[in-house]
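Using the sequences and the accompanying hints, generate a full structural model.
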Amino acid sequence: MIDLDSHIRAKELREKIKGKKSLYRLYCEFYKKYELSLKKCPKDGISVEIGSGAGFIKDIVPEVITTDILLYETIELAMDATKLPFEGNSIKSLFLMNTLHHIPDTVSFFREVERCLKPGGRVFIIDQYHGWISKLILKYLHHEDYHPQAKEWAFETSGPLSGANGALCWIIFYRDRALFEELYPSLKIDKLTPHTPFRYWLSGGLKKWNLLSGPLFRVTSKIDLWLSKKIPQLNSFIDVELQKSE
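Letter by letter, the sequence shown follows residues -8 to 237 of the numbering used here.
FYI, nobody ran anything at the bench for these hints, they're computed from the structure.
Predicted model only: the values in this text are computed from it and were never measured.
Hints may contain errors.
Using 20 angstroms as the maximum straight-line C-alpha spacing, the simulated SDA-like pairs for lysine to any residue come out as follows [claimed, not checked]:
no.	residue 1	residue 2
1	24	205
2	221	179
3	24	231
4	7	205
5	179	220
6	220	189
7	199	6
8	31	56
Estimated spans, in silico, between C-beta atoms of each pair [as the list claims (entries may be wrong)]:
no.	residue 1	residue 2	range
9	135	15	20 to 30 angstroms
10	180	221	19 to 29 angstroms
11	153	124	15 to 25 angstroms
12	167	135	14 to 24 angstroms
The beta carbon of each residue, even a glycine, is placed where N, CA and C say it ideally should be.
Right, here's the structure in full:
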């Protein structure tokens, strides 16, 4: 078993993602949301994904600069998300997929986002949602920490992937939304969209097993979408879209 925080783990994870058609299609679906968000951004500036890891965003959005805190062979730039190596007002779009809850100092991270993002630029975050099903899985069956009762956004970290608070996105944008708006007045919350109740879990995620193979993906996607709208408390993930004020 390769250590969670090893820089050589990306190849193993990418093989798992691409080896499961259902999981691969789900990732592609998420990446296409980035593509739609990018179309609403200023024309000039750079696009950056934070926490690219084993992902393949460049297959969908080629212009994105891929980054991570570890120098995986699959990324272009190793960096710390709390110390972005970009000039002020230089980024037109910033993307994070299941990365926010791994950042131990999000106060500093969003301060850097405010500095680097162009006026009119956007941040698109896909992360875990505090839903009925997901909170049970994340608390009792997942290897990462999950503390919705945490008083602070910051947490002690044992490593870039092993360290986490799976409830962090919900804490920041739901429980502590007023605090976020006070700390970062130029980062306007454009959308909060919970989604995907069951598909990720049925795919087995990065585990070896998969209950969502073949034609089941299309059928389950329709059911997932219906449940997402009818019973939003079942959702397991959330899209957060921010825009820097002009």
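Each hint, compared with the structure:
| no. | hint | verdict |
| --- | --- | --- |
| 1 | 24 <-> 205 | violated (23 angstroms) |
| 2 | 221 <-> 179 | violated (27 angstroms) |
| 3 | 24 <-> 231 | holds (11 angstroms) |
| 4 | 7 <-> 205 | holds (16 angstroms) |
| 5 | 179 <-> 220 | violated (24 angstroms) |
| 6 | 220 <-> 189 | holds (13 angstroms) |
| 7 | 199 <-> 6 | holds (11 angstroms) |
| 8 | 31 <-> 56 | holds (18 angstroms) |
| 9 | 135 <-> 15: 20 to 30 angstroms | holds (22 angstroms) |
| 10 | 180 <-> 221: 19 to 29 angstroms | holds (24 angstroms) |
| 11 | 153 <-> 124: 15 to 25 angstroms | holds (24 angstroms) |
| 12 | 167 <-> 135: 14 to 24 angstroms | holds (20 angstroms) |
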